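Q: Chain residues, written in single-letter form:
2 protein chains.
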Amino acid sequence: MAKDFPTREENYAQWYNDLVIKADLAENSAVRGCMVIKPHGYAIWEKIQGQLDKMFKATGHQNAYFPLFIPKSFFSKEAAHVEGFAKECAVVTHYRLKSSEDGKGVVVDEDAKLEEELIIRPTSETIIWDTYRNWIQSYRDLPLLINQWANVVRWEMRTRLFLRTAEFLWQEGHTAHETKEEAVEETLKILDIYAEFAEKWMALPVHKGLKSANEKFAGAVDTYCIEALMQDGKALQAGTSHFLGQNFARAFDVKFLSKENKLEYVWATSWGVSTRLMGALIMAHSDDHGLVLPPKLAPIHVAIVPIYKNSDQLAAISEKANEIKKALEAKGITVKYDDRTTFKPGWKFSEYEFKGIPVRLAIGPRDLENGTVEVARRDTLEKETYQITDIENKILHLLDHIQDNLYRKALAFREENTFGVDTWEGFKAQIEKGGFVLAHWDGTTETELKIKEETKATIRAIPLSGKMEAGKCIFSGQPSEQRVIFAKAY
Amino acid sequence: MAKDFPTREENYAQWYNDLVIKADLAENSAVRGCMVIKPHGYAIWEKIQGQLDKMFKATGHQNAYFPLFIPKSFFSKEAAHVEGFAKECAVVTHYRLKSSEDGKGVVVDEDAKLEEELIIRPTSETIIWDTYRNWIQSYRDLPLLINQWANVVRWEMRTRLFLRTAEFLWQEGHTAHETKEEAVEETLKILDIYAEFAEKWMALPVHKGLKSANEKFAGAVDTYCIEALMQDGKALQAGTSHFLGQNFARAFDVKFLSKENKLEYVWATSWGVSTRLMGALIMAHSDDHGLVLPPKLAPIHVAIVPIYKNSDQLAAISEKANEIKKALEAKGITVKYDDRTTFKPGWKFSEYEFKGIPVRLAIGPRDLENGTVEVARRDTLEKETYQITDIENKILHLLDHIQDNLYRKALAFREENTFGVDTWEGFKAQIEKGGFVLAHWDGTTETELKIKEETKATIRAIPLSGKMEAGKCIFSGQPSEQRVIFAKAY
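Read top to bottom, the protein sequences are chains A and B. Going by the working numbering, the first residue of the first sequence is number 1446, and it counts up by one from there. Going by the working numbering, the first residue of the second sequence is number 1446, and it counts up by one from there.
Errors might be hidden in some of the hints.
Which copy? The list can't say, so a pair holds if one copy fits it or any two copies do.
Stated by the list, open to error - With a straight-line cut-off of 25 Å between C-alpha atoms, the simulated DSS-like cross-links for lysine-lysine are: (1) Lys1634 <-> Lys1839; (2) Lys1901 <-> Lys1776; (3) Lys1653 <-> Lys1741; (4) Lys1741 <-> Lys1645; (5) Lys1549 <-> Lys1532; (6) Lys1781 <-> Lys1828; (7) Lys1543 <-> Lys1522; (8) Lys1704 <-> Lys1754; (9) Lys1754 <-> Lys1700; (10) Lys1917 <-> Lys1765; (11) Lys1776 <-> Lys1499; (12) Lys1625 <-> Lys1522; (13) Lys1625 <-> Lys1754; (14) Lys1793 <-> Lys1502; (15) Lys1499 <-> Lys1917; (16) Lys1467 <-> Lys1502; (17) Lys1549 <-> Lys1661; (18) Lys1933 <-> Lys1789; (19) Lys1502 <-> Lys1878; (20) Lys1770 <-> Lys1502; (21) Lys1492 <-> Lys1704; (22) Lys1532 <-> Lys1558; (23) Lys1679 <-> Lys1645.
Just so you know, the hints here were simulated from the structure itself, not pulled from any lab data. These figures come from a predicted structure and were not determined experimentally.
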């Protein structure tokens, strides 16, 4: 498979697109901008969901589900929000079709026009805060820590599988608190969860930071983010956590009776990650041979392929393979024993390689005699022969090692591609080449927009861990207290 | 809580609605016909999803995700399907809003009209079979066993929480096979999974049966179903599994090269259960004190409430309670220790009772002295004092016993409310009173519709396990080979 697959060097964008399709992750659908998430891709998304869901629940969050539709008028209630979200969206205007006059199809029934149009949710702050008004009366009802797994729609003009699609899947957390401090603490707690997930599960190093005023969420006081660097030197925003202040509580009139018996507006946060993470995961580790998956998010950890010439050999190998499978599964390792007779071993090898299965075992007649198995690592493409004795612990160790190796490799890549720059000429040259560029900025939106106009670079984050260091803005020469991270971005 | 809660006897419909809202399961939203699924309700849905998903995967199915939107023209491709589904649905006609002229809100931008309207999926056969055309070339690509967890929209005029809502959550399986036999086998395999889930997890006895031609799915050759009886004597269809023949393969031109090297149309099934199951679960077991949940679907199995007069007592009780919690959790029991000081024990007792938590433990100072704990069962409302020794096994046993008791009670109720009837007068009288009515039917849609017109009863199922027994149609007097199940239904 995948003979006509370009290398990253040849055409990075095409490499990504072909990889997504050929590794059975996703494809474009008959509906403009909407993707079909294929079984292998969806299985990875389920692993992502499962782990994040566990982390949210461990920190006291509960799941709920709010309507797909939002009445049009809700958007106008928060001024910044409507600017950011109510424009490019799918609008439901009718609720019935009827047979067409020629009897060959169906047409919209003009008699079934909605009094108020419904918007397919691009994000759910408005409908959720409209609901919270009835859920929150006193401090006893707080904090309210709710998350929703859902589909959302933003009518994007230029779409790319996983990275930017009209419909995408995500989780959106919406929490309500008594005090500003508590809401800020929640915002940062979630940012930490996102960063931990990215680094420990996705094997993807990220910077935690604050967005500039220009890049923040429409309706937020502060937007925090995790930013990662892809192999082509472009940045990818992998998750955001917003401190919303009392903006939505005011817009939807959500007040609570405080412990001091005063009516006060509720403090809010919202936060989300989406199927965009799939794009980050794919681009972070994959190579010219196809997908590379960190073991912690691989739906299958180990594929076992029998090498045989006749059915007697297959029977003998299958016995041993099933023994190994059982031993691995007892350690929590997910194993596929592929004894399909309709495909040859070489075909299976390419398939598992292309789909990013972390470890492949091959067993032939000679292995049976010697008590060995051939072990191939997807991350390094190295092969080694293992004695079968204690195979489960050896593989467990190998999987940990692969997870670790992928993280270290991605971290080294990021460090090699992070540059401190102090002159405008140097900045333009480096942005052109790619990578994270650490530079001083005067803090104004005006400067930020001019830099973007000239270089296409945006401020990805004002890093939370960045050391305070006085300097001069790369563009305006005005004083600056801290370097910020610039990059071209997805 | 729940002082103003009617009994089932007083007003069954109101009892149901109030229970759903007050037990924190769901509520109506600002959008007509769409519900908000509240945290406790959603946690139960997650338990349902988790178990079904495990059963689907254990039988070789994989999850995937297809678009929310379906191009209008797709519906017209399968004649029966368009009749059944393309009428009452949400239609997206535009993809942009703009600021209104008065600057106070947003209006639909008439320049952003879609060339072809998009329908929010009421079910996904059409978009999925359009996709399968590219996935299936030869017998090697079959069977294709795919499931999707998704939201769907059907524009219902009269809605009821969980039972009938404009938007609902569900799973829809869509499989493709080489032969008719294999597809029929799949249809029945899924029906068995649904029935097993209903009986073993929901503690809800169901009849497996075939739908009459009039009641079958629009586009199916045969629709199989599981049917349950609710406490008010009305039937509820809890799941359906459809053998689709080659109808969708023909409509979307999906052919495969067979082992005999011939191009043939693919055979199909589809099957689904939805958040409607929540309605069935609630109505099957709950009582005038609120929700009753079978332990296997309860998000929390055991609530522990401390009874104390001062903080010293609370500290001592908490120590013991946490010991018990740990011992129970080690056995896979989900426990909530509720040491909130903002609510009194009596309030907590009603809350857990109303929300259907299967077992409640209460520990006071005297219990500490005696090494005991008070154990309250939700299903029977009985209280007993247990010695704490070996508490984990006692509770494990009790939970099994409650699960079993709920099933036996529901089965006894169904048997008491199933009636064989042989005369038209007897039929009308019994249908009026409620329950499952087993009667002969001549097999024609004409008779079925007349019976429905006169009595509101429909044929719920032609039972698969029904014994063949000759008789005469209750309405027409024509010969019949088997009794079928009639009832008024949700």
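Q: Hint by hint, which ones does this structure get wrong, listed from lowest number up?
A: 1, 2, 9, 10, 13, 15, 18, 19, 21
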